[in-house]
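J.: From first to last, the protein sequence lines are chains Z and D.
Position in the first sequence (from 1) plus 166 gives the number in my numbering.
Position in the second sequence (from 1) plus 1059 gives the number in my numbering.
Misleading hints may appear alongside valid ones.
[As the list claims (entries may be wrong)] Here's a subset of chain Z near chain D, in silico, CB distances under 8 Å, partners left out:
id, residue
1, 233
2, 236
3, 447
4, 452
5, 462
6, 483
7, 540
[Stated by the list, open to error] Far from chain D, some chain Z residues (derived; all Cβ distances over 12 Å):
id, residue
8, 170
9, 308
10, 349
11, 434
12, 506
13, 517
[As the list claims (entries may be wrong)] Simulated restraints, written as ranges between beta carbons of each label pair:
id, chain 1, residue 1, chain 2, residue 2, range
14, D, 1332, Z, 408, 32 to 42 Å
15, Z, 373, D, 1370, 15 to 25 Å
16, D, 1267, Z, 349, 48 to 58 Å
17, D, 1098, Z, 446, 34 to 44 Å
18, Z, 446, D, 1074, 27 to 37 Å
Hints in this document: simulated from the structure, not taken from any laboratory.
Beta carbons: idealized from backbone N, C-alpha and C, even for Gly.
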Amino acid sequence: MDLDEFRDSLDAWLDENLDELTPVAPQDTTLDAHHDGVLDAHMAHLSKVKRMTYDAGFMRRGWPERVGGLPGSTLMRAYLGEAVQARGLAEPGLYSMTEVLAPTMIDYASPELAATMVPRLLRGDETWCQGFSEPGTGSNLAALSCKATKTDDGYLVNGQKVWTSLAQYAQRCILLTRTGDADSAHRGITALFVDVDDPGITVRPILTMHGALEFCEVFFDDVLVPFDRMLGDEGQGWGVAMDLLPFERSTSLWHRGAFLHRRFEQLLAQAPDGALDPLAVAEVGQLLYSFRARSRATQYRMASGGTLGPETSVDKVLVATIEQAVMDLALDGLGADIAGADDDISTHWRTEYLYSRSATIYGGSAEIQRNIIARRLLDLGADN
Amino acid sequence: MDREDLELFATSLRAATERHTGAALDGALDELGWVEALDADPQAAVSVLFDLQGRANVTSSALERVVASHLGIADVTGVGVVFPTLGTWDPPGSLAGDALDVTGFGLPSLSTHDATVVVVGAPADKLTVALVATADLDRQPITGVDPELGAFAVSGSGLRAADQSVVDAAAWSDALTYGRIAVAHELVGVSRTMLELARVHALERIQFGRPISQFQAVRHRLAEALIAVETADSLVSAAWDEPTPLVASVAKSVAGRSARTAARHCQQVLAGIGFTTEHDFHLYLRRFLVLDQLLGSTRSLTRAFGEQLLHERQLPHILPL
């Protein structure tokens, strides 16, 4: 099946099933009440969208057959997410986590483990999370200290993670641990695939300022992880993490671009006459087009088997800039409602405006991306 | 062109733009078959040459040839073109009966041709392409911000056209589209050299006992410039997949804004020396200021786009996978 056939059959299928795929607006989305109910609804709906697109075959295209995939270009994964976002069928950050986590499993898990687990993620049977950051380890990821001690039966994990998105919903976690000496830096890190219901794991959700219990602290207290749950070899965890990051900046960003396009158009439709300045509107439109051109080239490079590297930091900087630009424009056009109205439309803008403040922080901060660009793309030598 | 041909073509063009400018560069382009390439593979011809022309800060007749090729001119090497006055994009000519009036902008190569194309766009449903004797045009050299460019303010009234034809009104829109894509490539090239000048300076300039490239404040400025340049390059290159008036005008706006961003950061990194004429930076700053105005400025194109968006209340979908 080529991309055009995929596009045509997917579009027709989405239109046929639109009612069932469209989320019901959450009844109560205010910041100060029942905040977890909203995310519960998003998660349940996401699971349904993934299941339906998987059963219809669309979600399987572009993934290796050994993990439940069907033949096709990775461009089909990009287009599926674009089509889902263009119709507002799933929350974009939650939807695209598959694009970050599944490639890591495919590249580093044992073939048996990948074949068992990846289909569950694609089909929406399971939620996975990514245990990277720690209280003392934000941008300086190589300093992580969550300890994994080798025993006869496996690794015994002790320590803490933070900013672990969706850990309270997750069945599995891709976890970075310290297996080397405390000062072994990036050399002494090992990646493990952990069952979140294992004894010794405690998950404590954190309430964000946009009103969601989206991420968590995760505590590990003598958690035993069998050896066959290691991703890559012992001490290879840094490579696993570095290979994962470009995936965070490719297909999933293409999906987010489609989401931002839709929200930008909704803003044009909803802002009162005269509220938006033509120059400000046009600059955001130009940014959306620029990102589309940039990310499109990245999608093609990925589809032709090219490696994704530090150049994807430019994509990441751009999409974060645009997300904040769209929401700043929303503040221009709908500021009074964002500040002081509680209807569904205003609340939705308020939630997304507040969430957009994190776009330059998560997934490698804006400053870290610029450090990467300076060192790797401009060849300015090591950071001091 | 296949990949190997393209690399060879680019290498030859690079050598030509590094050695020649003006009429000498036109001669070199003729020898390399650039005009034939413009016909056979316009994307390769335009994207490679204009980027290099910007990088090397040189001039040629190439933009006139690109525009002429979309106006139904058979031999694009034989004519000059009057461009719209800087900052505008309406056709520069007007007709009153048989008398032709023109007010516009001329690139230096204008004077090397005996005949010059003047486009008349009114009434709006009709496009007249007139050929006039270059000698009949009043050509006042413009010093402006970029004296090295050697541009002219072109005017004339009551001119008699040696030849005149009415072509499809869409031809001007086509000429603008491809002209803007070409100038956008040149702006990207100008920006790349500004960045390279600043990058080299940062690596060589020692302060507080180390190269200033080690200071994060400097590194982030250069990163900002690279983000701007790469962003513009992506869109300008993608414009060849969808060469519509919309995509071309957005690409030129983005290339102009990116050049301004690159200029700001690079000039700050270059500091004192970049403010003098002893360093080449100022030549690139000057060139970008003129190129940004040619065939519509970033600001005017952006405003027009914004008014369209607010009127239609949707952002057209472009560049499908």
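J.: If a hint holds in the structure, say so; if it doesn't, say that too.
T.: Structure-based check of all given hints:
1. At its closest, the beta carbon of residue 233 of chain Z sits 23 Å from a beta carbon of chain D; the interface hint therefore is violated under the 8 Å criterion.
2. Look at residue 236 of chain Z: its Cβ only gets to about 18 Å from chain D, farther than 8 Å, so that hint breaks.
3. Proximity of residue 447 of chain Z to chain D holds as hinted, the smallest CB-CB distance being about 5 Å (cut-off 8 Å).
4. Nearest Cβ of chain D to the Cβ of residue 452 of chain Z: about 5 Å, under the 8 Å cut. The hint holds.
5. Against a cut-off of 8 Å between C-beta atoms, the interface hint on residue 462 of chain Z holds, since the closest Cβ of chain D lies about 6 Å away.
6. Against a cut-off of 8 Å between C-beta atoms, the interface hint on residue 483 of chain Z holds, since the closest Cβ of chain D lies about 5 Å away.
7. This hint holds: residue 540 of chain Z has a C-beta 4 Å from the nearest C-beta of chain D, less than the 8 Å allowed.
8. Listed as outside the interface, residue 170 of chain Z is inconsistent with that label: its C-beta sits roughly 10 Å from the nearest C-beta of chain D, within the 12 Å cut-off.
9. Residue 308 of chain Z, annotated as away from the interface, keeps every beta carbon of chain D farther than 12 Å; the closest lies near 18 Å.
10. Residue placement check: residue 349 of chain Z keeps its beta carbon more than 12 Å from all beta carbons of chain D (closest about 24 Å).
11. Distance check for residue 434 of chain Z against chain D: the nearest CB is about 4 Å away, which does not clear 12 Å, and the non-interface claim fails.
12. At roughly 25 Å, the least C-beta separation between residue 506 of chain Z and chain D is larger than 12 Å, which holds for a residue marked as non-interface.
13. Residue 517 of chain Z, annotated as away from the interface, keeps every beta carbon of chain D farther than 12 Å; the closest lies near 22 Å.
14. The beta-carbon spacing between residue 1332 of chain D and residue 408 of chain Z, approximately 38 Å, falls within the hinted interval of 32 to 42 Å.
15. Evaluation of the 15 to 25 Å hint for residue 373 of chain Z and residue 1370 of chain D yields a failure: the beta carbon distance comes to about 42 Å.
16. At about 29 Å, the beta-carbon gap between residue 1267 of chain D and residue 349 of chain Z misses the expected band of 48 to 58 Å.
17. Remark: the range hint 34 to 44 Å for residue 1098 of chain D to residue 446 of chain Z is upheld by a beta-carbon distance near 41 Å.
18. The given range of 27 to 37 Å is broken by residue 446 of chain Z and residue 1074 of chain D, whose C-beta atoms sit roughly 44 Å from each other.
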